[in-house]
Amino acid sequence: MAGYIVRRLLSAALVVVLTSMFVFALFFLGPANAARPLCDLNGRCNPEKLALLTEQLGLNDSVVNQYGIWAKGLVSDREIVFGPTFHCDAPCLGISYSTRGEVTTELFDRFPATISVAIGGGALYLVIGVVLGVVAAARRGTVVDRGLVAASLVIYSIPFYVVALVAWIFFSLEWGIFPDTTYHPISEGVGPWFWGLLLPWLVLGFTNSTTYARYTRGQMVETLGEDYIRTATAKGVRRSKVLFKHALRAAIVPVITLFGLDFAYLLTGTIFLEQIFQIDGIGRWAIEALRDPIDFPVVSATVLVGAIVIVVANLLVDIFYSFIDPRVRLA
Amino acid sequence: MSSPHVNEGFLSAGQQVFQPSAGEDPFLVVDELTVRFPTHDGLVQAVTDLSYSVERGKTLGIVGESGSGKSVSSMAVLGLHDPRSTRLSGSIRVGGREIVGADEDDLRRLRGKDVAMIFQDPLSALHPFYSIGDQIAEAYLLHNKVSKREAKARAVEMLDRVGIPQARNRVDDFPHQFSGGMRQRAMIAMALVNDPKLLIADEPTTALDVTVQAQILDLLQDLQREFNSAIIIITHDLGVIAEMADDVLVMYAGRAVETGPTKLLLTNPEMPYTWGLLSSVPDVTASTDARLIPIPGNPPSLLNPPSGCPFNPRCAHKDKVPGDLCTTTLPDLLPAQVGEDHRRRCHLPDPEVIYGTEVLPEIAPNLVEQHEQTREEETR
Ligand SMILES: Nc1ncnc2c1ncn2[C@@H]1O[C@H](COP(=O)(O)OP(=O)(O)O)[C@@H](O)[C@H]1O
Ligand code: SF4
Ligand SMILES: [Mg+2]
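Chains as they are written, first to last, in this note's numbering: chain A, 1 to 331; chain B, 1 to 380.
Don't read these hints as lab results, they were simulated from the structure.
All C-beta atoms in this analysis are idealised placements derived from N, C-alpha and C, irrespective of residue type, glycine included.
Mixed in with the good hints there might be a few duds.
As the list claims (entries may be wrong) - Capping the alpha-carbon separation at 27 Å, the derived lysine-lysine pairs in DSS-like fashion look like this:
1) A:Lys-241 x B:Lys-145
2) B:Lys-148 x B:Lys-197
3) B:Lys-113 x A:Lys-245
4) B:Lys-197 x A:Lys-241
5) A:Lys-245 x B:Lys-145
6) A:Lys-241 x B:Lys-318
7) B:Lys-145 x B:Lys-197
8) A:Lys-241 x B:Lys-152
9) A:Lys-241 x B:Lys-113
10) A:Lys-245 x B:Lys-318
Stated by the list, open to error - To give a feel for the contact side, a few chain B residues facing chain A, derived at Cβ under 8 Å:
11) Leu-78
12) Pro-83
13) Ser-89
14) Arg-93
15) Ala-125
16) Leu-367
17) Val-368
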């Protein structure tokens, strides 16, 4: 078990390193000169200024060197020069072109908001979806089941941002059911944090839970046909426990796999939500950074963080497997 | 295929003659049980007008080809059919209580307590994600007010009882860590954990190799002696029947076609389908100079069963029945020519003669003489 987790951790770490190389290559070795947007920022850019910035940013060095310097910044402080000299504490992800602040500091400021939206919304639709799926499977062929499947197909066909916008306009602006949809860090109290995030969570829950309900239903229908379910019933286990213990224990495995695979999709949804509900999270930051002139250090940091979150989510899914399925644990 | 304990001679005459024990009502009484499944293709007539009973301490063997309704009928005893997709009629009384139409709570109290069941494939019948010990302990916890620790201790005790070596160390193993035979022992331990009064074993040894099969059957017999349980053993293997069963019920197309005390029925079968089953047993032929003859044709469709005798499309003897009775009229389950409590569903006027002169010489010529003798002794 411990060996399995260590192996998975190592491979996850490798994926993160490779991703960081990829991100680095994408933004610093791309077709555009990474010094160009910085040059455009203050005053007119002329060839001399561009050449100076290119030199100061080390963009004339070899690729390997550049990556080495960047990677070293993750563990030790760095001095970054473009115009003035900036001190950048480890782990250093660079200095923002637009704010001239340390990217890492701002990243840590914004991360809790994003992760609150994503985890809360994800947990909500997972739980609602799974419960609805179990109920539909248990009442297969009835009105409840058919209604659920039909509703899920309808909801699935509505674009996510439409739901988010409509929810914001009506529930927040028009009817004032959720008057305060601004994000409050949890340090200001659990109450404000919770109520501020509830509407975005509900939007995520509403749009995604039906997909999970349908998927769970399919898995449950299959599992309920297994011999060991009949064994449980023949032992005298009550129906609810047959469903939620014996059957769900097996049926949930592929559902959690889907959840892990869907995590990137969840983050995309979070970017929309941050925009619409004006939550100062990573997603909103990334979108601002992508505006012209592009803020390369911020964009690269947000992509890297997104990648790490997805890798960690999949790692957690794998560890979850090993807890739930003894055959994985021993493999 | 069949038990090595009975590789010869179960067709020969036995000394024991079935004696119905006086007084006590049978623990299980099934009366005119009919089970139908409405499907897209039509109504599946899985079990029709089936009646039988089993007393405590006795074993009933139910035999028939696959699809003959053995599992469906025995699952009904535990109320395991989903009422929304099943039409069930008749009566099933367990210890005097009616099962047909009983509510879910009553059924739950009965399941695993008074009536327990073991299934054909122990690997698929055990939950892959729970340890063997947890699964046995759960069965105990459901029907006894004990702590989890006591239930676990009981699981160890049961595993030990069914012959799992080092039960204490194996109790936390998962099903995939057990061998096939050990899994079936674990299933038996789980079924017996509450000392059930009736044990239904649905092809308990079909998935196992011959040696293990014999051990499992021995185990069931030991446990039956110990707990005085009634046992229903379902099989398509007459060897298992010969070794285990006091009485036999032969099923075909969802109906009883021949019933009676085991020795009598196996030595003096009076229904051509039973003859077919006997002819296709490899053990009989292995010990004699006879041939292995499979029953020609396929089991009938249960959506649209043949009119008359359900066996008529495959029956080699229907020309001996006057007129077209076989194809037009369903024979009743009537007292047989030979033996008490022996019944058969067939229009043949003299099946015992046909068996002795036409069938037996083909499948076991060395037994013809014996058959002749018992026939005379037993004929009323
Ligand atoms: N739930 C069901 N719905 C429809 N048909 C069924 C169902 N369960 C069993 N059957 C059919 O009933 C017949 C008898 O099955 P079964 O009792 O399992 O046979 P066996 O004698 O091999 O145990 C088979 O033809 C089977 O296909
Ligand atoms: S009733 Fe007719 S068809 Fe059926 S088993 Fe007897 S002889 Fe054969
Ligand atoms: Mg069966």
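Hint by hint, here is what the structure shows:
1. Pair hint Lys-241 of chain A plus Lys-145 of chain B holds up; C-alpha atoms about 18 Å apart against a cutoff of 27 Å.
2. As the CA atoms of Lys-148 of chain B and Lys-197 of chain B are separated by approximately 24 Å, the hinted pair is consistent with the 27 Å bound.
3. Proposed proximity of Lys-113 of chain B and Lys-245 of chain A is supported: the alpha carbons are some 21 Å apart, at most 27 Å.
4. For the suggested pair Lys-197 of chain B and Lys-241 of chain A, the alpha carbons sit about 25 Å apart, so the restraint of at most 27 Å is met.
5. At most 27 Å may separate the alpha-carbon atoms for a hinted pair to count; Lys-245 of chain A and Lys-145 of chain B meet this at roughly 20 Å.
6. Among the hinted pairs, Lys-241 of chain A with Lys-318 of chain B is inconsistent with the structure: their alpha-carbon atoms are about 53 Å apart, more than 27 Å.
7. Of the supplied pair hints, the one linking Lys-145 of chain B and Lys-197 of chain B holds, its CA atoms being roughly 19 Å apart against a limit of 27 Å.
8. With a C-alpha separation of about 20 Å, the suggested pairing of Lys-241 of chain A with Lys-152 of chain B holds against the 27 Å cut-off.
9. Between Lys-241 of chain A and Lys-113 of chain B, the direct Cα distance comes to roughly 18 Å. Compliance with the 27 Å bound is thereby established for this hinted pair.
10. With a C-alpha separation of about 54 Å, the suggested pair Lys-245 of chain A and Lys-318 of chain B falls outside the 27 Å cut-off, and the hint is violated.
11. This hint holds: Leu-78 of chain B has a C-beta 6 Å from the nearest C-beta of chain A, less than the 8 Å allowed.
12. This hint is violated: Pro-83 of chain B has a C-beta 12 Å from the nearest C-beta of chain A, more than the 8 Å allowed.
13. Among the interface hints, the one on Ser-89 of chain B is violated; its C-beta lies about 22 Å from the nearest C-beta in chain A, farther than the 8 Å criterion.
14. Interface restraint check for Arg-93 of chain B: the shortest CB-CB distance to chain A comes to about 19 Å, outside 8 Å, so the restraint is violated.
15. Look at Ala-125 of chain B: its Cβ gets to within about 4 Å of chain A, closer than 8 Å, so that hint holds up.
16. Because the beta carbon of Leu-367 of chain B sits about 40 Å from the nearest beta carbon in chain A, more than 8 Å, this interface hint is broken.
17. Because the smallest distance between the Cβ of Val-368 of chain B and any Cβ of chain A comes to about 44 Å, over 8 Å, the interface hint for this residue is violated.
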